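Novice: The lines below spell out each chain.
Number of protein chains: 6
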Amino acid sequence: MSKLTHLDETGRARMVDVTEKDVTHRVATARGTVFMRAETLALILERRVEKGDVFSVARVAGIMAAKKTSELIPMCHPLNITAVDIELVPKEKPARVEIEAVVKIAGKTGVEMEAMTAVAICGLTIYDMCKAADREMAIGEIRLVKKSGGKSGTFIRKNGF
Amino acid sequence: MSKLTHLDETGRARMVDVTEKDVTHRVATARGTVFMRAETLALILERRVEKGDVFSVARVAGIMAAKKTSELIPMCHPLNITAVDIELVPKEKPARVEIEAVVKIAGKTGVEMEAMTAVAICGLTIYDMCKAADREMAIGEIRLVKKSGGKSGTFIRKNGF
Amino acid sequence: MSKLTHLDETGRARMVDVTEKDVTHRVATARGTVFMRAETLALILERRVEKGDVFSVARVAGIMAAKKTSELIPMCHPLNITAVDIELVPKEKPARVEIEAVVKIAGKTGVEMEAMTAVAICGLTIYDMCKAADREMAIGEIRLVKKSGGKSGTFIRKNGF
Amino acid sequence: MSKLTHLDETGRARMVDVTEKDVTHRVATARGTVFMRAETLALILERRVEKGDVFSVARVAGIMAAKKTSELIPMCHPLNITAVDIELVPKEKPARVEIEAVVKIAGKTGVEMEAMTAVAICGLTIYDMCKAADREMAIGEIRLVKKSGGKSGTFIRKNGF
Amino acid sequence: MSKLTHLDETGRARMVDVTEKDVTHRVATARGTVFMRAETLALILERRVEKGDVFSVARVAGIMAAKKTSELIPMCHPLNITAVDIELVPKEKPARVEIEAVVKIAGKTGVEMEAMTAVAICGLTIYDMCKAADREMAIGEIRLVKKSGGKSGTFIRKNGF
Amino acid sequence: MSKLTHLDETGRARMVDVTEKDVTHRVATARGTVFMRAETLALILERRVEKGDVFSVARVAGIMAAKKTSELIPMCHPLNITAVDIELVPKEKPARVEIEAVVKIAGKTGVEMEAMTAVAICGLTIYDMCKAADREMAIGEIRLVKKSGGKSGTFIRKNGF
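Residue numbers (numbering that gives the first Met the number 0), protein chains in the order written: chain A, 0 to 160; chain B, 0 to 160; chain C, 0 to 160; chain D, 0 to 160; chain E, 0 to 160; chain F, 0 to 160.
Heads up, some of the hints might be wrong.
Identical copies go unnamed one by one, so any copy, or any two together, can satisfy a pair.
[As the list claims (entries may be wrong)] Result set (DMTMM-like, lysine to aspartate or glutamate): computed pairs, CA atoms no more than 20 Å apart in a straight line:
1) 150 with 133
2) 145 with 86
3) 150 with 16
4) 145 with 133
5) 107 with 97
6) 67 with 97
7) 107 with 140
8) 90 with 19
No lab work stands behind these hints: they were computed from the structure.
As the structure is a computational prediction, the values presented were derived from the model and not from experiment.
All chains, full assembly: derive it from the sequences and hints.
Specialist: See the structure below:
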């Protein structure tokens, strides 16, 4: 069983030491879904056809959140990410928006948390933009689907890709 | 059909004007779940019995995130929240941690986004603390379960409470 | 001659004491202009017709910056602004984008700096989004055009409105 | 015509991928001007002779803002800038303060936005420090005057240097 | 014995609920000292006579830090402080700079942590500005000397005022 | 006598240019102490045996503060620190908690301020968590005890180690 590297032998939290690790190119991809009523999705899409603002604001929020990850997740290292791209895909049955964030870096540690944070805040922003119409929306299955680079190599999620 | 109040008639994003709204006591409760392998939960719980640090760090992260909500969600108003409480409950079959955040304010607008942001960042922190052991964890169903106060009154979620 | 209230009698900087001031409704309007080549404006507008993203991103940046004002301007009080609206108007001869930000609050001090900061960061974001096409753009005449509320009452700019 | 690299082919905003770019030494110089009444400038200068605080506070604000650029400008990469220097020069006829910011880095992308943000926030701080005496001040012509380093090489502004 | 109100009965951290508390005028005064070599103090003072920049930068840093308190101290409530004033007094035998910060608010909870944070960051900034000359400086006895307002009334420190 | 490198020849503050400096592995260790009544320490320790939350929250606060150093100390360079570890040791006669923070980086400049900031905010958080029981606590002797790496080499504090 792997150990929880954020907790040292006496149980206290610490920021893991990555000083000696190599700088490599790393990429992480995370996904999540915002479930909503069909009418809410229609509302977004009609607006989106005209102006696209819900998706545009949510995408900006996700990109800016990726940059804030180390301020939000206590044991995350501050990182100079080199790329963020967020794709939003509306789907039906059930009505939902699927979010995918891809984050890159040339660094000593990975950007999994940056990709997941981008998805979470992007989803929360969709909720915020639409909550006057639908408070029952839910943000689901925020998960890492892929990461590459670094000593532990490539990971591809098996369950619920 | 309710309208999307964050988009004005020409479609541009704006921060909704709440200047004239009354100051009332408002409470919002949000929930979410971190799904994980049984071994991962056991690992947290053994540690937790000893030191409780995974849950402690995640709870601090969630409380601090509630205070950062208006920096993360573009159209949220800056608010002086007056209370945040986060409860973490480990459960089995399937192995998971359930998160509930309650946020309060005496203010002109509600704290739904603060409660949901607290849940999301709390869940992401659990992921971050444990990801060396289990990259397949997923954060699910972040949702508003209840809110009270303000002109729109009390909301209680119907589906998937 | 008015005195510089941020400097006390011995010359040291301080945050002016507004503890005893009344809470009143206050509004501030600021303006600025981004000058650019006609080709650059055409490029934005073509995109804007399709997707509107340059203006959308700039507007989000301006709204978020208004909320960050007290982190940026050292002697500004932290404030819970209650509304931000930013209008972007493309104009020709010379090619430019005019920016107007309106910020509101029910508070003890005004929101002039919030409106001006929104204009400045909105303009800088337009520059950033387009600088690959035109590095010669300039952001001009960021100015307060109007403010109301508070003990000093209504101000309307005389020169260069 | 150059393309707007912050917008991909489908029009959605993204943070441009600089992962593969070389680390080079880069410098950017930006300028701007705060126009004011002659009496306001005299007031600053008298104080400045005594204590220098308006200029000192504005300079600190500009330096700190350069470090916050990627939090303010949505598509900017987070960068570890290695030097910031801000020069403030009072001038007469018309009464004004000229601001010049020089920012450096050894990095994969340039620091133009950092230099321009430093100028903008420095100017806004001068406004804030003096606005009790003169609300008609205006901040003008924030512009990039020079940048060097990186694949696109050296740029020197032609118009309105 | 008073109880530790930040820890509930099950030991988990929470932000204390102040929703029902009255808004009153509150003031807190904190102090601290930066000890240094006599040569270092002389260096600051000579500069200070000329330009005053070490003290000026440190004062700005302290004021800005007071505004950031709730981002730094996990269980602190976000507050709209209404005044910050920092006084720096150089003293000899031993050579030192004494720091006093006074913070005010009209709010539901006190500003003790804001005053203490202002002192700490002001002291650290003096250290940073001078550390090339003297790495042996130390920042001592950061303490609350007085607070008034609120239900618990006035506190005046007995020991080591 | 060393010169104050943050002040240039005309006395204005600037962020020292480190562009040309080498990237080396650097470590800094800082210490401080929170003095309190014996009853307060007992209270923490009893809690700590059960749940450890005071120390856990303070440690998280210190780690997160280390990452915020360049936002707090005006002339500090933004840095990607690679490790933070904070040790808290309760001691008696007098009753106190000793704090030691170790910060590391592979970078162009040292992390002394990051280690000292971690100690200061960790100490302030202990104060905040316990102030309902003991307002007379004081945070003392925040100091750099050791640093290594970089051109100036290793420093070990002589006085008051």
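Novice: Each hint should be assessed against the structure and marked as holding or not.
Specialist: Checked hints:
| no. | hint | verdict |
| --- | --- | --- |
| 1 | 150 with 133 | between (44 Å within a copy, 16 Å between copies) |
| 2 | 145 with 86 | within (15 Å within a copy, 30 Å between copies) |
| 3 | 150 with 16 | within (14 Å within a copy, 23 Å between copies) |
| 4 | 145 with 133 | between (32 Å within a copy, 13 Å between copies) |
| 5 | 107 with 97 | neither (30 Å within a copy, 32 Å between copies) |
| 6 | 67 with 97 | neither (22 Å within a copy, 25 Å between copies) |
| 7 | 107 with 140 | neither (28 Å within a copy, 32 Å between copies) |
| 8 | 90 with 19 | neither (44 Å within a copy, 34 Å between copies) |
In this structure, the hints that do not hold are numbers 5, 6, 7, 8, in rising order.
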